[in-house]
Amino acid sequence: DDKLLTEPLSHPDFFSVKELFTLKDLFDARVHLGHKKGCRHRFMEPYIFGCRLDQDIIDLEQTMQHLQLALNFTAHVAYRGGIILFVSRRRQFCHLVESTARACGEYAHTRYWQGGLLTNARIQFGPGVRLPDLLVFLSTLNNVFEPHVAIRDAAKMNIPTVGVVDTNCNPCLITYPIPGNDDSPAALELYCRLFRMAIIRAKDKRRQSEAVEELR
Amino acid sequence: TLRLICTTTAVQRKNVGASGPEKYTEAFIKKQIEEFNLGKRHLANMMGEDPETFTQEDIDRAIAYLFPSGLFDKRARPLMKHPTEIFPEQRKIQWGEDGRPFHFLFYTGKQSYYSLMHETYEKLLNVQKHQDQLIAQDLPLQKEKRNLVGSRWLTKIELEEMLLEKVSDDDYSRFIQLLQKLAALPCADIEEKYIQKFSKEVPVQLQQVIIEPLQHDERGVAFSTGEGKRKTARATAVVYDNGTGKITVNGMDILHYFPVLQDREQLLFPFQFLGRIGKHDMVCTVSGGGRSAQAGAIRLASAKALRSFVTEKEVEFMRQAGLLTVDPRVKERKKPGQEGSRRKFTWKKR
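Those protein sequence lines, which keep their order, are chains D and P.
For the first sequence, the numbering used here assigns the number 216 to the last residue and increments by one with no breaks.
For the second sequence, the numbering used here assigns the number 1350 to the last residue and increments by one with no breaks.
Treat the hints as calculated values from the structure; they're not laboratory data.
Treat the numbers as computed from the prediction; the structure is a model and nothing was measured.
The beta-carbon is built from N, C-alpha and C at its ideal position, and this holds for glycine as well.
Accuracy of the hints is not assured; some may be wrong.
Said to hold, decoys possible - FRET-style restraints, in silico, Cβ to Cβ:
| no. | chain 1 | residue 1 | chain 2 | residue 2 | range |
| --- | --- | --- | --- | --- | --- |
| 1 | D | Gly126 | P | Gln1180 | 33 to 41 Å |
| 2 | D | Phe49 | P | Asp1138 | 41 to 49 Å |
| 3 | P | Gln1180 | D | Gln92 | 16 to 24 Å |
| 4 | D | Arg102 | P | Ile1093 | 16 to 24 Å |
| 5 | D | Gly105 | P | Asp1138 | 54 to 62 Å |
| 6 | P | Lys1129 | D | Arg130 | 31 to 39 Å |
Just need the whole structure built from these sequences, with the hints factored in.
If you want it as structure tokens, here you go:
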């Protein structure tokens, strides 16, 4: 049992997450497109490659590294049987995110976030609730273009977060930010596909390792 | 540097009421059902009856016999019913042994409502895709008009019962708007079955009063019956055709039964209105009430009986004259703190 948990940690890329995407895939899905210069957030400046005709272009080299780290972390969490909660407050992609979560066997929350969901969970749900072990933000802003409350709440409850940060978002409290576009359907479909494949790979590997252990 | 925070014991006490109603596990309910069945058999043995054919009514009678109670409120008396009737149907604990919730939208708080919205939106996307395919193939979009006249959407309370959780007004209106949007699309026939789950038939309320046809007795004379009531009096009247205008009440002539002119006028009013005073005979029975109430009851009964003899236009005239309406006035109850129903006690200044 200990061996099952410690073995993946020795490899840098145990689930070979790098093969899931290439730079060309990110470019074709329009991940590098950011918002206009006026919407730029101060803390996103390190991630921005440049500005063309007032529109910010995100550095895809850095995005590749961040994405690889984030997918690796998600896969490890899924391998250990953790609860992953997909959060997005964009109405156009609510259905897509919920179907992705259902396909993985994980959980989604693309609706109005009630204030005490994470911090007051004992009273809202019941005494023995288990909180999510990872929050994945497919869009860090809510409908009023302010940072989602869940980022702050997850930081309060010591829950790691993975989030797609656009040029107008604040990447401060997110543990594994992924600088990239969160507005185009193509980009979001790419992210959903990558997360789904990573989680399914991790779960399959876990089942295989358990079967191998039982055979011994 | 850590600052010592001093709190009172009041803060440390758990707020017991805030956790909401107690949730029952499935195992608990199953145990209750087993205990109930065992108890039912014991009770049947005690009463000397067959345990196999012991119904709920027998249980109620047996409990009322073994534990007689003089309490006024029926709900406070000893009760033995099947656990599904006692424990309200509510959600059992939503997560498994390892802590993972069963439903993928559990963390939203309103899982059934949001999963319903998710499904409905999926149906909408399906219909739109189908529509796009038909347009691409240049086929005509069929539109059979769904008859919306005889159907209505589910009410908020019915939706709450279906989902087993509270639904707010905004949520309900959003759901209905989504359903209407889905139903309005041209190719919505594909998802007809899904939409029918949320619509109900409204029975067309035809309160057409059936006028009974004339009956004939042994001598061949046409007659018809009518019933009427007023205050506490109940009357039945049989009106015969080819008569002389003789009216019999409870075996007595009306001159003897109703000495007062006002009551006899009330009896004659339907005939006078239709202009058939000397043409019909009437035999009536009346009980209850007082003098005036009995007269009113017989008047209503005779008017109802006369409907069979008369054209529809004249029936409408009778209805507008108020001959066919039951008089709803009854004696108003006396209230405490007052001398009568309206009269207050004498007010004394000092």
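For the hint 31 to 39 Å, verify it against the beta carbon of P:Lys1129 and that of D:Arg130. 37 Å, holds
In this structure, is the beta-carbon distance linking D:Gly126 and P:Gln1180 contained in 33 to 41 Å? The hint (33 to 41 Å, Cβ to Cβ) holds, given that D:Gly126 and P:Gln1180 are roughly 36 Å apart.
When you take the CB atoms of D:Phe49 and P:Asp1138, is the distance between them in 41 to 49 Å? 46 Å, holds
Is 54 to 62 Å right for how far apart the beta carbons of D:Gly105 and P:Asp1138 are? Distance hint for D:Gly105, P:Asp1138 is violated at roughly 42 Å.
If I claimed the Cβ atoms of P:Gln1180 and D:Gln92 lie 16 to 24 Å apart, would that claim hold in this structure? 21 Å, holds
Just to be sure I understand the hint, the distance between the Cβ atoms of D:Arg102 and P:Ile1093 should be within 16 to 24 Å; is that true here? Given range 16 to 24 Å: holds, Cβ gap about 21 Å.
Of the hints listed earlier, the one the structure fails to meet is number 5.
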